[in-house]
Amino acid sequence: MVIDNIYFIDHHLKKLGIKNKEQTAQFFAWILFWHDIGKFAHSFQQLYRHEALNAFNEPTRYYKKIAHPTLGYGLWNSWLSECPELFPPSSLSVRKSKRVMALWMPVTTGHHGRPPDAIQELDQFRQQDKDAARDFLLRVKALFPSTANVSVFTGIETLFPFIQHPTLLQQKVLELDINMDGAQLFILEDVTGAGKTEAALILVHRLMAAGKAQGLYFGLPTMAVTPFKHNNLRLLGLSNKVLLCSPRQRG
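If you read the sequence shown in the working numbering, its first letter stands for residue 14, the second for the next number, and so on.
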């Protein structure tokens, strides 16, 4: 939503002084995972009982009726706010991060345009419910690692020590001017054995190091070439770091 500016959300966030679109999108996606944390409450979970669940035979407990948005906000105030390991990656101190999070939590846990209520006492969560909520949020955090800097491009020998003499195609991508503004399209074509894969990876590294690209996507014409390409990348030490996509096999 942020990247594509759906509902002009990027414009609204910029009015708040948030200008880095990529970081904003990451943070927005992160807080969405907190939206329904109130549903971890035992008072909410016992609304649906099934024989396949371990709690099927537990007696029903009666709680004061509190909507799950308020339960989620209450869980933040009473417990989760003291768990800094759940906070998103930030250059801020834990204390300042907590203050920022405290401003966002009413918006995050609120539903249908209505903020949650502030409550003083909260007994709808058992300890195992709190632990389950924390475990969920900790697992979610792993989906949003800190942004890693791309290594500076230092030459073909760093990427491919086995290449002592670049092919004509590889030499060409080493010399290409990539400093033009806006989108760029590069089409690399040569005979079999000309080192097209290595040339493409050299070009991608140069683009990413220059801030012109953020990643690499391999799109293959058929499933038949996927194992070959995967093995090719394995020899380069990249097979565990890439996703190969090809059309579904036809019957």
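Do not take every clue at face value.
Computed cross-link-like contacts, DSSO-like style, restricted to lysine-lysine with a CA-CA straight-line distance of at most 27 Å [what the hints assert, rightly or not]: (1) K52 with K225; (2) K78 with K32; (3) K52 with K32; (4) K111 with K34; (5) K32 with K143; (6) K209 with K34; (7) K34 with K109; (8) K52 with K143; (9) K77 with K34.
It should be emphasised that the hints constitute simulated quantities derived from the structure, not laboratory data.
Hint check:
{"no.": "1", "hint": "K52 with K225", "verdict": "violated (42 Å)"}
{"no.": "2", "hint": "K78 with K32", "verdict": "violated (41 Å)"}
{"no.": "3", "hint": "K52 with K32", "verdict": "violated (33 Å)"}
{"no.": "4", "hint": "K111 with K34", "verdict": "holds (22 Å)"}
{"no.": "5", "hint": "K32 with K143", "verdict": "violated (34 Å)"}
{"no.": "6", "hint": "K209 with K34", "verdict": "violated (33 Å)"}
{"no.": "7", "hint": "K34 with K109", "verdict": "holds (22 Å)"}
{"no.": "8", "hint": "K52 with K143", "verdict": "holds (11 Å)"}
{"no.": "9", "hint": "K77 with K34", "verdict": "violated (42 Å)"}
Of the numbered hints given earlier, the model fails hints 1, 2, 3, 5, 6 and 9; all others are met.
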